[in-house]
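Participant: Just need the whole structure built from these sequences, with the hints factored in.
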Amino acid sequence: MMKNPAQVLQKNLKKVVKRKYDEDYIKYGFSWCGDETAPRPQCIICGDQLSNESMVPSKLKRHLYSSHPSCANKDKHYFKRCLEQNKKQKKFMKSAVTISEKALEANTSINNYRV
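In terms of the UniProt record's numbering, the sequence shown has 56 at position 56, counting the first letter as 1, and numbering is strictly consecutive.
No wet-lab data here; the hints were simulated from the structure.
Check the hints yourself; a few may be wrong.
Stated by the list, open to error - Straight line, CA to CA, 20 angstroms or less: simulated SDA-like cross-link-like pairs of lysine to any residue:
| no. | residue 1 | residue 2 |
| --- | --- | --- |
| 1 | 18 | 57 |
| 2 | 20 | 32 |
| 3 | 74 | 57 |
| 4 | 90 | 101 |
| 5 | 87 | 34 |
| 6 | 59 | 75 |
| 7 | 76 | 45 |
| 8 | 59 | 43 |
| 9 | 80 | 63 |
| 10 | 91 | 31 |
| 11 | 61 | 32 |
| 12 | 20 | 36 |
| 13 | 61 | 83 |
| 14 | 87 | 36 |
| 15 | 27 | 68 |
| 16 | 80 | 46 |
| 17 | 59 | 70 |
| 18 | 74 | 24 |
| 19 | 61 | 73 |
| 20 | 87 | 48 |
| 21 | 20 | 57 |
| 22 | 27 | 66 |
| 23 | 61 | 43 |
| 24 | 27 | 78 |
| 25 | 90 | 31 |
| 26 | 59 | 33 |
Facilitator: Following this line, the structure appears as structure tokens:
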């Protein structure tokens with residue numbers, strides 16, 4: 001008995017699983033970034049973004065132990081502090097860039113006035 005090729009193809013396609021971020025992943029040094037429907041794990045130490053498929057404890061742990069062995073035995077409070085520090089740095093840099101853009105805009109308008 002011959003099967004319909006469309007049925008065979010549909011059967012062979014894997015279902016794409018979108019993994020959700022679990023707050024316990026902070027103990028492996030990971031936060032998340034991107035879309036809430038398909039978040040991507042982001043390393044708090046180096047900023048590397050892994051694929052959504054990598055959001056499983058074994059892969060997060062492997063990244064921590066292979067890339068940051070000195071941080072492997074840190075507790076989740078250490079990683080929470082690092083995350084907060086990163087957020088503060090991001091906010092500071094964004095405000096510094098915004099001020100520079102406004103200064104550049106003002107400088108450009110003055111130069112246009114002189115010409």
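Participant: Run every hint past the structure and note whether it holds.
Facilitator: The hints, checked one at a time:
1. Between residue 18 and residue 57 the alpha-carbon distance is near 15 angstroms, which keeps this suggested pair within the 20 angstroms criterion.
2. Restraint check: the Cα-Cα separation between residue 20 and residue 32 comes to about 9 angstroms, which is no more than 20 angstroms; the hinted pair holds.
3. The hinted pair formed by residue 74 and residue 57 meets the criterion: a straight-line CA distance of about 16 angstroms does not exceed 20 angstroms.
4. For the given pair, residue 90 sits about 16 angstroms from residue 101 by alpha-carbon distance, which is consistent with the 20 angstroms threshold.
5. For the given pair, residue 87 sits about 15 angstroms from residue 34 by alpha-carbon distance, which is consistent with the 20 angstroms threshold.
6. A C-alpha spacing of about 18 angstroms is found between residue 59 and residue 75, which places the hinted pair at or below 20 angstroms, so the restraint holds.
7. Between residue 76 and residue 45 the alpha-carbon distance is near 13 angstroms, which keeps this suggested pair within the 20 angstroms criterion.
8. Proposed proximity of residue 59 and residue 43 is supported: the alpha carbons are some 12 angstroms apart, at most 20 angstroms.
9. Only pairs whose Cα atoms come within 20 angstroms are accepted, and residue 80 paired with residue 63 is accepted, the gap being roughly 18 angstroms.
10. Of the supplied pair hints, the one linking residue 91 and residue 31 holds, its CA atoms being roughly 17 angstroms apart against a limit of 20 angstroms.
11. A threshold of 20 angstroms between alpha carbons decides the hint, and for residue 61 with residue 32 the separation of about 15 angstroms falls inside it, so the pair holds.
12. With a CA separation close to 8 angstroms, the supplied pair residue 20 and residue 36 stays within the 20 angstroms bound.
13. Under the criterion of a C-alpha separation no larger than 20 angstroms, the hint pairing residue 61 with residue 83 is consistent with the structure, at around 17 angstroms.
14. Simply put, residue 87 and residue 36 have alpha-carbon atoms about 18 angstroms apart, close enough for the 20 angstroms limit, and the pair holds.
15. Proposed proximity of residue 27 and residue 68 is supported: the alpha carbons are some 13 angstroms apart, at most 20 angstroms.
16. Of the pairs offered as hints, the one joining residue 80 and residue 46 holds, with about 14 angstroms between alpha carbons and a cut-off of 20 angstroms not exceeded.
17. At roughly 18 angstroms between alpha-carbon atoms, residue 59 and residue 70 fall within 20 angstroms of each other, so this suggested pair holds.
18. Using a Cα cut-off of 20 angstroms, the hinted pair residue 74 and residue 24 holds, with the two alpha carbons roughly 14 angstroms apart.
19. Straight-line distance between C-alpha atoms of residue 61 and residue 73 comes to about 11 angstroms, which keeps the hinted pair within the 20 angstroms bound.
20. As the CA atoms of residue 87 and residue 48 are separated by approximately 15 angstroms, the hinted pair is consistent with the 20 angstroms bound.
21. In summary, the hint linking residue 20 to residue 57 is supported, as the alpha carbons are separated by about 12 angstroms, within the 20 angstroms threshold.
22. Restraint check for residue 27 and residue 66: satisfied, since their Cα atoms lie roughly 15 angstroms apart, inside the 20 angstroms limit.
23. Proposed proximity of residue 61 and residue 43 is supported: the alpha carbons are some 11 angstroms apart, at most 20 angstroms.
24. The hinted pair formed by residue 27 and residue 78 meets the criterion: a straight-line CA distance of about 9 angstroms does not exceed 20 angstroms.
25. Only pairs whose Cα atoms come within 20 angstroms are accepted, and residue 90 paired with residue 31 is accepted, the gap being roughly 15 angstroms.
26. For the suggested pair residue 59 and residue 33, the alpha carbons sit about 17 angstroms apart, so the restraint of at most 20 angstroms is met.
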